[in-house]
Structures are given as C-alpha cells and as structure tokens.
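Participant: Sequence:
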Amino acid sequence: MAKVTYTPGIQFASGALVKPKKINGHKHGNYLITTHRVAATTNPECTRIYVRSADAYVRSTPVTSDERAARNRFAAISRAVSARKKDLSKVASDLAAFNAQKDDPDGYKTMRQYLWHICADEIDG
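Position 116, counted from 1, in the sequence shown is what my numbering calls 131; the numbers after and before it change by one each time, with no gaps.
Because the hints were derived from the structure by calculation, they are not lab data. Don't be surprised by glycine CBs; every beta carbon is placed ideally from N, CA and C. Wrong hints could be hidden among the right ones.
Here are the simulated lysine-lysine pairs, DSSO-like style, with alpha carbons at most 30 Å apart [unchecked claim]:
{"id": "1", "residue 1": "Lys100", "residue 2": "Lys117"}
{"id": "2", "residue 1": "Lys100", "residue 2": "Lys124"}
{"id": "3", "residue 1": "Lys101", "residue 2": "Lys117"}
{"id": "4", "residue 1": "Lys124", "residue 2": "Lys101"}
{"id": "5", "residue 1": "Lys18", "residue 2": "Lys36"}
{"id": "6", "residue 1": "Lys18", "residue 2": "Lys42"}
Ranges between beta-carbon positions, derived for each pair [unchecked claim]:
{"id": "7", "residue 1": "Thr62", "residue 2": "Lys37", "range": "26 to 32 Å"}
{"id": "8", "residue 1": "Thr56", "residue 2": "Leu32", "range": "19 to 25 Å"}
{"id": "9", "residue 1": "Thr49", "residue 2": "Thr79", "range": "30 to 36 Å"}
Work out the full structure: start from the sequences and follow the hints.
Facilitator: Written out as structure tokens, the structure is:
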C-alpha cells in the first residue's frame, strides 16, 4: 500500500484525479481515484489511492427494459421538480405544505425531497 502525500496547502482529495482519454475510438491511460475516510478511527492514514484500468467502468450487459423505464421515470420526475421550483404560482403553497409536514416523524426534511415526492406521485398517477 502506498502512502499519499499532497502538496502543501492540499489536505486531501477525493474522487477521480485522472480519467482516460478517448482518442480514435479507444481509451488511453487509466483512472486514478482517491478516497478520504471521514469516519472516526484510530488509524492516522485516512487517504487511499487506487488505479483502475481504462475499461473498469464499461458495462458488461445491455441495458434492460426495466432499467430504461426507471431512467425515463427519473428524468421525468427531475424535469417536473425543476419546473415546479420555478413555477411562481405554486411556490407559496408548496412552501406552506412543506413546513407543515417537515417536523413529522416521517416528514420530508428538504424542500427538494418534498417536491420529488409530490412530482413522483403526479407522474405515477
């Protein structure tokens, strides 16, 4: 295992530092990924670095019809939430309804979560 040391001023990094480039239909290089553990521990080494091959994230099976339907549903709800947030005729009533339910034990804690639920119910029927 390698120890990761960053340039002074950088405490830690998390995510993909390098991604392969696609040139003429094939990929050059590898992924270089770092993670930073934030959970409490006694180990002082909380940063890890991984190298993954360029094809590590290539899907091995085709997208199923259920997956495609779930993706389409997600996209539709996302568009509806964005439109509803911008609709000035619904902002006041949505805010009042959100505030009324947010302190309930099973209430939605963020406005986006609340709107997502409302729009999902409208789309699903």
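Participant: Each hint needs a verdict: does it hold in this structure or not?
Facilitator: Against the structure, the hints come out as follows:
1. Lys100 <-> Lys117: holds (17 Å)
2. Lys100 <-> Lys124: holds (16 Å)
3. Lys101 <-> Lys117: Cα-Cα ~21 Å, so holds.
4. Lys124 <-> Lys101: holds (20 Å)
5. Lys18 <-> Lys36: holds (26 Å)
6. Lys18 <-> Lys42: holds (28 Å)
7. Thr62 <-> Lys37: 26 to 32 Å: holds (29 Å)
8. Thr56 <-> Leu32: 19 to 25 Å: Once the Cβ atoms are compared, 23 Å apart, the range 19 to 25 Å for Leu32 and Thr56 holds.
9. Thr49 <-> Thr79: 30 to 36 Å: holds (33 Å)
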